[in-house]
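Participant: Read off the chains here:
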Amino acid sequence: MRVLPVGAHALLVEVSSGDEAQALHAELLRRRAEGSLPAGEIVPAARTVLLDGVSDPVRLTAELTALALPPVPEQAPETVEIPVRYDGPDLADVAAHWGVSAREVARVHAGTEFRVAFCGFAPGFGYLTGLPARCDVPRRPTPRTAVPAGSVALAGPYTGVYPRSSPGGWQLIGTTDLVLWDPARVPAALLSPGTRVRFVPVGATGPAA
Amino acid sequence: MTDRALAVVRAGALTTVQDRGRPGHAHLGVPRSGALDGPAAALANRLAGNPPDAAVLETTLDGCSLRPRTPVTVAVTGAPCPVSVDGRPVAWGAPVRVRAGSVLDLGAVVSGVRAYVGVRGGIGVEPVLGSRSTDLLSGLGPAPLTDGAVLPLGAPREGGDAYVDVAPQPAAPDELVLRVTLGPRDDWFTPAAVRLLTSRAYRVSPASNRIGLRTTGPALERARPDELPSEGMVLGAVQVPPDGTPVVFLADHPTTGGYPVIAVVRPADLPAAAQARPGTPVRFVAVRRR
Numbered sequence: 001m002r003v004l005p006v007g008a009h010a011l012l013v014e015v016s017s018g019d020e021a022q023a024l025h026a027e028l029l030r031r032r033a034e035g036s037l038p039a040g041e042i043v044p045a046a047r048t049v050l051l052d053g054v055s056d057p058v059r060l061t062a063e064l065t066a067l068a069l070p071p072v073p074e075q076a077p078e079t080v081e082i083p084v085r086y087d088g089p090d091l092a093d094v095a096a097h098w099g100v101s102a103r104e105v106a107r108v109h110a111g112t113e114f115r116v117a118f119c120g121f122a123p124g125f126g127y128l129t130g131l132p133a134r135c136d137v138p139r140r141p142t143p144r145t146a147v148p149a150g151s152v153a154l155a156g157p158y159t160g161v162y163p164r165s166s167p168g169g170w171q172l173i174g175t176t177d178l179v180l181w182d183p184a185r186v187p188a189a190l191l192s193p194g195t196r197v198r199f200v201p202v203g204a205t206g207p208a209a
Numbered sequence: 001m002t003d004r005a006l007a008v009v010r011a012g013a014l015t016t017v018q019d020r021g022r023p024g025h026a027h028l029g030v031p032r033s034g035a036l037d038g039p040a041a042a043l044a045n046r047l048a049g050n051p052p053d054a055a056v057l058e059t060t061l062d063g064c065s066l067r068p069r070t071p072v073t074v075a076v077t078g079a080p081c082p083v084s085v086d087g088r089p090v091a092w093g094a095p096v097r098v099r100a101g102s103v104l105d106l107g108a109v110v111s112g113v114r115a116y117v118g119v120r121g122g123i124g125v126e127p128v129l130g131s132r133s134t135d136l137l138s139g140l141g142p143a144p145l146t147d148g149a150v151l152p153l154g155a156p157r158e159g160g161d162a163y164v165d166v167a168p169q170p171a172a173p174d175e176l177v178l179r180v181t182l183g184p185r186d187d188w189f190t191p192a193a194v195r196l197l198t199s200r201a202y203r204v205s206p207a208s209n210r211i212g213l214r215t216t217g218p219a220l221e222r223a224r225p226d227e228l229p230s231e232g233m234v235l236g237a238v239q240v241p242p243d244g245t246p247v248v249f250l251a252d253h254p255t256t257g258g259y260p261v262i263a264v265v266r267p268a269d270l271p272a273a274a275q276a277r278p279g280t281p282v283r284f285v286a287v288r289r290r
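Which chain is which? The protein sequence lines are A and B, in order. Sequential numbering from 1 applies to the first sequence in full-length UniProt numbering. Sequential numbering from 1 applies to the second sequence in full-length UniProt numbering.
Treat the hints with caution; some may be incorrect.
[Unchecked claim] Partial selection, computed: residues in chain A whose CB lies under 10 Å from chain B:
no.: 1; residue: 14
no.: 2; residue: 120
no.: 3; residue: 121
no.: 4; residue: 126
no.: 5; residue: 129
no.: 6; residue: 144
Just so you know, the hints here were simulated from the structure itself, not pulled from any lab data. Glycine is no exception: its CB is placed at the ideal position from the N, C-alpha and C atoms.
Modelling step: build the complete structure from the supplied sequences, incorporating the hints.
Facilitator: As structure tokens, then:
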């Protein structure tokens, strides 16, 4: 574990894997909840956790360096189920990358237990991990100018669901009607770091007519 | 509809509702947002008799025109600009009474970029996640003002009148000096690139906005070509995209990003960045971490 200062009031804690980052994030949240970690923002990402709004970064650096990391906590009691139609325009391309049929992409994706590693890009957009490394896919060579809200997509090792229409370069494999982000709802974000996620297939697999 | 409202006669190039933003939600991908020139927004509230967290209007370069439906006290701060009521000049940087139905106009700024309009009672749009700020990156909060829109006003609080003739305010910078501490990813750049950043003059790019102050100037060469996994970003982070020119992240910045951050600007220096016009020289000065 490496602790890097970020300006005068933040620290970036770097670990060697996504799993470690998730374990560290869970441990830091636990410490903040019990009152032993004063930090305004705790932002997990792919291999790091950012602590922002830290009053004494030097002292906290020493504490973090001595931190023994417990394993990722066991499954959270709640799993968010996302109904999905596997009808995305890039389903065939993803199947080709994986060397399987479109139906098999849907079967593997729906059979995977995902976890929100971190959020970003847009409010409510979660980077979901869980697919095996052989399922990594590249981004589209040319990003789309408008990806519809509810698009279920893949890029690199991640799965994500676009909370609103936006430009994007991920490979679109399906669609959900679930509202991922609603500022009028509590909580506004359906997915937050650590949330478990399952995709539940509805309807037939294949591009929409 | 209540009369405690403002009609937008002329929205201007970009006028948004801003308060002190919505910190604490970065882990959900929600930027902090809020007024880019925080001290100017706070002064507008003080002069208008508002608490510091009241929502104000932030204009960009060419001001805006507003017609209150009720008598209001307003105050214009930030970038200096001509202010008039029904065509008659009134004070900038001081409380001004505007009668119901009169038109308050802010003209084009004479220096700087962003002017702030504090209105007694504050702009009363519904808060989203605890803030009334327009967040241009995420589309949270009210949409930017449009001609003909009507903005509700909040209830004025008792007392709080500011009796001043002149409120001193910093001038827009002729040269933007940004104190930075290096890191967290300065080791992703060549030593020569780090020296370039802190020794050469950059300029404010016209592509700057509420998300970032973009610059033009010498490109910073990377020491390692690999891709940086996405990581959390702070306000004032100096990120270097593949074209090599630094971007200083402002209030609407994304909460995570995938390009290395070579340095971080002291928060105290960011209000001046909000008022630096395109073409203004920018110097990054390395300071020790406190």
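Participant: Does each hint hold? Answer for all of them.
Facilitator: Each hint tested on the structure:
no. : hint : in the structure
1   : 14   : 8 Å, holds
2   : 120  : 3 Å, holds
3   : 121  : 6 Å, holds
4   : 126  : 8 Å, holds
5   : 129  : 12 Å, violated
6   : 144  : 18 Å, violated
Checked against the numbered hints listed earlier, the structure breaks hints 5 and 6; every other hint is satisfied.
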